[in-house]
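J.: If you read the sequences in order, they're chains A and B. Going by our numbering, the first residue of the first sequence is number 16, and it counts up by one from there. Going by our numbering, the first residue of the second sequence is number 16, and it counts up by one from there.
It is worth saying that the hints were derived from the structure and are not from the lab. Hints may contain errors.
Copies of one chain are not kept apart here, so a pair can be met inside one copy or by any two copies together.
As the list claims (entries may be wrong) - List time: in silico DSBU-like cross-link candidates among lysine-lysine, alpha-carbon distance up to 30 Å:
1. LYS151 x LYS135
2. LYS37 x LYS381
3. LYS342 x LYS174
4. LYS151 x LYS139
5. LYS219 x LYS342
6. LYS40 x LYS181
None of these values were measured; they are calculated from a predicted model.
There are 2 protein chains.
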Amino acid sequence: MPTLSVFVDVPLARKLEGSLLKTYKRDNFPNKAFLAYRVCMTNEGQPWVSLVVCKTRLHVAQDPSLNYEYLPTMGMRSFIQASLELLFGKHSQAIVENRVGGVHTVGDSGAVQIGVQFLKAWHKDAQVVYIISSQKEMHGLIFQDMGFTVYEYCIWDPKRLCTDSKMFLDVVQQIPHGCILVIGNIVDCKLTQSQWAKLMFTMKSKQIFLFFDIPCQGLSTGDLEEDTRILQYFVSQGFEFFCSQSLSRSFGIYDEGVGLLVVVALSSQHLLCVLSQLMNLAQALWLNPPTTGARIVTSILCNPALQAEWKQNLQEVVENIMLIKEKVKEKLRLLGTPGSWDHITEQSGTHGYLGLNFQQVEYLVKKKHIYIPQNGRVNFSCINANNIDYITQSINEAVLVTKGSE
Amino acid sequence: MPTLSVFVDVPLARKLEGSLLKTYKRDNFPNKAFLAYRVCMTNEGQPWVSLVVCKTRLHVAQDPSLNYEYLPTMGMRSFIQASLELLFGKHSQAIVENRVGGVHTVGDSGAVQIGVQFLKAWHKDAQVVYIISSQKEMHGLIFQDMGFTVYEYCIWDPKRLCTDSKMFLDVVQQIPHGCILVIGNIVDCKLTQSQWAKLMFTMKSKQIFLFFDIPCQGLSTGDLEEDTRILQYFVSQGFEFFCSQSLSRSFGIYDEGVGLLVVVALSSQHLLCVLSQLMNLAQALWLNPPTTGARIVTSILCNPALQAEWKQNLQEVVENIMLIKEKVKEKLRLLGTPGSWDHITEQSGTHGYLGLNFQQVEYLVKKKHIYIPQNGRVNFSCINANNIDYITQSINEAVLVTKGSE
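Here chain A stands alone, though its shape is the one from the complex (with noise of 0.2 Å):
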């Protein structure tokens, strides 16, 4: 009985991510570099682990005493609650008060998936998105695949090579009234006090529900403290707003991607409630979020000593990060390269802009073999002692070949 697939019209997806790594990876240049990975590398060119995380996952797969029953809906408690402490402080006037919660959630999408689910389904009059361009690939299509119009904005000027906070408070002034607004890399918006509390006051009196997304605290200035200390001001201004919370990187799990969908509510009442939903869909979602990665982080958050010591980790890796610029930098300078590279140091964290337009990034991925995204933002962490010398070598070669076309 020879029969029709049911599968006939289905097309093969556009690949949506990874074509980069897959032309980087099927090159035979051998001095070709790969500088937009995810996660933060070591100068081994190896994705970096928490030192503590390994003795850790050994004594979690050790111990008699833990069971391997599923967890409810919601994960694990102790993990949802070292999480919101790290993120507002311990000693957070919105956790004492029973407003602000979490949803254990899987992987890197997953936070973003049940929040943006539930805005659909809670939050109708919200039908369209501003989000961060560095976010707009990874989390913008999830609210457009779930029928939201999604706009990319930015706050690098790549004429003055400077994060530019007025190119902020410009977005929230021209976005629409009631709209859903992503924020990401919070911590290079330097904003002054004063223009904090304007902003504030547009996005109040616009009804803008923000979605922060706090994808590696601590490795933007290695301060765990300072890297949120933004997203504590807004719950202390009263402030509603949604947030993923992924600890994959802070701590170097990759592999076991976990996180929050934290909410800060006003009452503890609207939390239960917003809680209670966001319950059913990790239910039709996953049912049972698992549990190595909680437990990893959880016993290093709840032991004051391991936590110092992935605090120490957490320094030693931004330092690093700091001194690869510095170098960058430097032998940019020592190359006579045109233009100034203050920029590459005053950006924090693992990725940044090179600073680098269009003919130059592309100058590098076809010419050089460095694989860079068309944005000419970086993952520093990809560079070492390694590859920095043709890497700088090649930006000095891109920049005085394509001098002219500018």
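Place chain B on chain A using the hints.
T.: Structure of chain B alone, referenced to chain A:
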């Protein structure tokens, strides 16, 4: 600036599951019993974990050769391969022909979630879903939330106290052309060869899309191959289908719930297209699946000695369940409980119908503190030496007390 909560209209979600368990937990009656756990329980009343899992877990945590990078969105390749071979047999012709594949999924709902999302997008003619009643609560709501019209069917005949294959044939005859049929506990469908042939002919001519659920291969008959023989028959007969394959219960890694959405297509080209679309969906759902569960399963399945040990564990568990059922039947016989109780030992697997009517179930729950789902389908592994006397005496009492009321 006082603000009205954006969450003001969000109601408390109704609890979908767990209310029976909640009532049980709150109950202070010393002899209370809960017979509705999803997982296989030990004689000590703990969730069963295959012994080989414990040492593999430790081995995985100690393995210095493992890296902790993100898995690709599709999941762990070796895990997918090993799981497919477990389901279809190592020498499956369909695997050789490269027309079966799978996406590594999260938790006990992930595979169904991603499959339903795909069907919504790419099998638009199918609006109606017929789902086996045992799966209705867990998976029916996922279809429902996605806009499908969901009907429940049952192949248990409460009068004759047996699984009735004719009921299954009738269901397939009656359901509309082009609908989706969700089939669980296929081992219980004891059709003859010619009945299967007739059934398949009807399914094909009505273009019914099959969505199998294999939640605990090996725990039905104790024989891994026997548990999926009919699935393999469907493959050999040229069916295309989806199958939610969960590995959590077969290994006792409930806390690291992993599985696959298995796709069987008519050709490798179709398979490739379907998998690429599923990958897009997985990217939005969790981006990268967690590894621990998959690593444990793969380590066991790819090591003949460990696999043999695991198979031995499964057999012991199933023999133990059969022993419990025999004892329940024998005790009811000794008590002189009216009726035949052969149906208890005629059903395979952890879960089965006690064969009690609504009043009898209600009597057990309300008067005897024995917590049983309304349909009287219990998890026999929850019965052990400590509670079997109380449970059988209570069943006897329930049958006697409600005797006149039918």
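J.: Does each hint fit the structure? Answer for all of them.
T.: A quick look at each hint next to the structure:
no., hint, result
1, LYS151 x LYS135, "both (18 Å within a copy, 25 Å between copies)"
2, LYS37 x LYS381, "within (14 Å within a copy, 62 Å between copies)"
3, LYS342 x LYS174, "within (23 Å within a copy, 81 Å between copies)"
4, LYS151 x LYS139, "both (22 Å within a copy, 29 Å between copies)"
5, LYS219 x LYS342, "neither (43 Å within a copy, 67 Å between copies)"
6, LYS40 x LYS181, "neither (40 Å within a copy, 56 Å between copies)"
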